[in-house]
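Peer 1: Chains as they are written, first to last, in the working numbering: chain U, 300 to 414; chain Z, 5 to 118.
Because the hints were derived from the structure by calculation, they are not lab data.
Here the structure is a predicted model, which is why all the values come from computation and not from measurement.
Please note that a few of the clues may not be correct.
Heads up, simulated EDC-like pairs for lysine to aspartate or glutamate below, C-alpha to C-alpha not over 20 angstroms straight-line [to be verified]:
#, chain 1, residue 1, chain 2, residue 2
1, Z, K44, U, E387
2, U, K367, U, E314
3, U, K360, Z, E106
4, Z, K48, U, D384
5, Z, K45, U, E365
6, Z, K44, U, D307
7, Z, K56, Z, D89
8, Z, K13, Z, E57
9, U, K367, U, D384
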Amino acid sequence: AQSVTQPDIHITVSEGASLELRCNYSYGATPYLFWYVQSPGQGLQLLLKYFSGDTLVQGIKGFEAEFKRSQSSFNLRKPSVHWSDAAEYFCAVGSRTGTASKLTFGTGTRLQVTL
Amino acid sequence: DTAVSQTPKYLVTQMGNDKSIKCEQNLGHDTMYWYKQDSKKFLKIMFSYNNKELIINETVPNRFSPKSPDKAHLNLHINSLELGDSAVYFCASSQEGLGYNEQFFGPGTRLTVL
C-alpha cells in the first residue's frame with residue numbers, strides 16, 4: 300500500500316529565507332505526486348504536481364519541487380518565503396485501482412513565518 | 005464560478021443526531037470523493053463515486069452513507085453522530101481517464117459534534 304511521510308511536523312523560517320519541506324513516499328509503481336497548501340480555516344489548494352517528465356516541477360506562488368526516484372522523495376522548495384506562506388502543507392501520492400483513484404496524504408507540515 | 009461547493013460550511017450538532025452535507029461540482033467531472041480531516045489535520049479518503057457508482061469505501065462505519073443523485077452531486081449522510089465524527093469533511097471531484105487525474109477540492113465542512 301502507498302504511504303507518504305512528512306518528517307517535519309512544524310517548521311519556522313524568517314521572511315525572505317529559503318524553504319524546503321520534505322516528503323518521502325512509498326509506492327510500487329510510477330508515483331503521481333502532489334503538494335497542497337491549506338491556509339487556516341481554508342480548503343486545499345494545489346501548489347504543484349508531478350506525473351512524469353522533467354523531475355523539477357514549477358508550481359504556483361513561486362514554489363517548486365524535485366522528484367528523486369532514488370530517494371523516493373518529492374521535496375518542496377521556495378527560494379524566498381513571504382509571510383503569507385504561513386500555512387499547512389500536505390504532500391500526497393495518487394494511486395489507481397481499476398476505475399478508482401485516490402490520494403494518500405502525509406500528515407502535513409505546519410509552516411510558521413517570522414517577520 | 006465555484007468549481008466544487010459544499011454546504012453547509014459549518015455544522016454544529018448534538019450526539020445522536022442525523023445530519024447531511026451536500027457537495028456539488030460544476031466541472032463536468034464523472035468522479036467525486038469524500039475525505040475526512042481529523043483534529044490532527046490528517047486527511048484520509050472515505051468514499052469515491054464514479055458515474056453514481058460507489059468505487060471506494062475505505063472501512064468507513066456504516067453510519068456514513070454517501071448518496072449520488074447524479075454525476076454533479078455527492079451528499080454525505082451521517083446517522084447517530086458521535087463525538088469522534090467531529091472533523092472537517094472535504095468533497096473533491098476529478099475526470100477519470102488514462103493515468104491519474106487531478107482532484108479538485110471543495111472548501112470543506114467543519115462538523116462539530118457536542
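Peer 1: Compare the structure with each hint and give your call.
Peer 2: Status of each hint after checking the structure:
no. : hint            : result
1   : Z:K44 - U:E387  : 11 angstroms, holds
2   : U:K367 - U:E314 : 27 angstroms, violated
3   : U:K360 - Z:E106 : 19 angstroms, holds
4   : Z:K48 - U:D384  : 24 angstroms, violated
5   : Z:K45 - U:E365  : 25 angstroms, violated
6   : Z:K44 - U:D307  : 14 angstroms, holds
7   : Z:K56 - Z:D89   : 25 angstroms, violated
8   : Z:K13 - Z:E57   : 26 angstroms, violated
9   : U:K367 - U:D384 : 24 angstroms, violated
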